[in-house]
Amino acid sequence: MADKILPDGFEALESFQPYWGAMTTQERRERREAAQMAEIERFYAAMLDLASAAIAHLSQFPLGAMPAPSGRLMALLLALPHAAMAIELHGQPRAPFTPYPHNVRLVQGPAHFG
Amino acid sequence: MDQMIADFRAPTTDFTRMAGLDTEPVPTLPYRSPEYFALERKRIFKRAWLCLGRAERLPEPGSYFVAPIEVANTSVLVTRGKDGAVRAFHNVCSHRSNTLVLDREGSAGRFVCRYHNWTYRNDGTLAGIPDEGNFFGLDKQKCGLTPIAADLWEGWIFINLQREPEVTLTEFLGDFGERYRGIPYQNADKSILFVSHLDANWKVIADAFAETYHIPAIHPETIGATFASRENPFARPISVQTWGPHRSVSTYGNPDYAPPERAKVERLAYSNIATGNVLSAAGLDGMEVFLKHPAINPTKSRSWAVDVTWLFPNFQIDVSPGGFWTHHFWPITHRSTRWEARFYMPEAGDVWQRLQQEHYVARLGEILLEDVGNTERTQLGLDSGAKETMPLQDGEVMIRHSLHHIGKWIEADCVRDALN
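In the order they appear, the protein sequences are chains F and V.
Under my numbering, the first residue of the first sequence is numbered 1, with each subsequent residue one higher.
Under my numbering, the first residue of the second sequence is numbered 115, with each subsequent residue one higher.
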């Protein structure tokens, strides 16, 4: 039987997983930079709603050894701060007066999902 | 050491005069002239000690990394030998000068040139030559890798591209090297790395990280409220120090910053961790010894954000309440630069900490883009030649100090004269 996409209780996030569920920090940056504000707003609202539940679920596992559906949920949770850059800081997808596209790249991310 | 302290609430600060620098506008020519760049290459980058980062990048005997040094047309192979010693070599095979090591880093007891399989030990000696008998009286002892002077200071690796460095690393660092002794750098073995190739002179980019005057304008949303406040609206520095060609500025942080109500994710990410401020990678746990060091936050101000310490010529170490990070500004041409920013942070222990790190790194990406995205626009203006000079204010004293010492090194025929 194929894996579930996300753990039970997080079905409401499944439609966001293909785009926002990137496994590295740099890819999560790129997805947010390339998204329209309306898409960012939809993801931000849905993920924020379930953030506390997601943290509680994910805290059962070591960061380096999550079952695949939980790992995908972790990646979605980590996309939330990126969406927050647009929603809580800039009021638009990217920082005002910054070049886009650009080549400021995170070539080495944090341990686990970085 | 000259430590200069000023009250940011006074009508003016007085760092520039206290540092013994003049207050005239500075020339823009050094930022756009290929001829000036050629002098910097010869007189500065081929004579000064250059920092290549932390020794933790070489965790065990056999560890190595390769550092391209475009300004000197070379790449440097840095190794840790069986004896534990750190050595540096030109990454060039002794046979036909092919590039020896092709990857960026790793662990290996031997290096094999992919051209004809010449093999070297990681102490630089030649181990083997295929079909050696068909050469003509080759002396293998003389066919090792070409060494580059390397030394360590407080866990930082430095190299010098002079065959016989005119001054030791200790002499080059001078009083700075004493003042910054014994700092227990936290999480020095783990870092994240931002890299960009930018169409701007290396000094334009270094300057962008050397003053806080720009913060309210360039970073109004990302960090404006953490570096400036009603009592210090233009983010004036707290103190400035100089040691020969090296310099440091201690910057103001708004001690009352708290994420606004609407910043729900920021509040969530930081709800479970005390970091000191938003520029901090890690929590405050284990930071007491680090923060008590007399060189860090030298005035022990409550309103402290970051110390930006700029080692001549192209390396900056930043320390803040939650840790440290570095900037390297590697010149490529007079108007292109490879910039690397490395932020040291621990491996997250749980979901909360990993979420805080992601928020931190996401915001960093925005701040850094605001900073370096602006440098290419500055370079375009400099290239136009519209302005022969630029006026620098007192908070931009590190830029003036940098230009002063670059000029001094270019003038000086020997390094000791440049340092004195």
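Calculated directly from the structure, the hints in this document are not laboratory data.
We put the CB at the ideal spot given by N, CA and C, even for glycine.
Check the hints yourself; a few may be wrong.
Unchecked claim - What the simulated footprint calls covered on chain V by chain F, stretch by stretch (three residues with Cβ under 8 Å from a Cβ of chain F suffice, anywhere in the stretch; the number is not a length):
| hint | stretch |
| --- | --- |
| 1 | 178 to 185 |
| 2 | 298 to 310 |
| 3 | 480 to 487 |
Stated by the list, open to error - In silico negatives: residues of chain F with every beta carbon more than 10 Å from chain V:
| hint | residue |
| --- | --- |
| 4 | Ser15 |
| 5 | Met23 |
| 6 | Glu27 |
| 7 | Pro67 |
| 8 | Pro81 |
| 9 | Gly109 |
We went through each hint and held it up to the structure:
1. 178 to 185: Violated: only 0 residues of the stretch 178 to 185 of chain V have a Cβ under 8 Å from chain F.
2. 298 to 310: holds (count 7)
3. 480 to 487: Contact hint for the stretch 480 to 487 of chain V vs chain F: holds, 6 residues under 8 Å.
4. Ser15: holds (20 Å)
5. Met23: Given a closest Cβ separation of 12 Å, the condition holds.
6. Glu27: Holds: least Cβ distance 12 Å, greater than 10 Å.
7. Pro67: Consistent with the label, proline 67 of chain F stays out of reach of chain V, its closest Cβ about 14 Å off (over 10 Å).
8. Pro81: Non-interface label on proline 81 of chain F violated, nearest chain V Cβ at 4 Å vs cutoff 10 Å.
9. Gly109: violated (6 Å)
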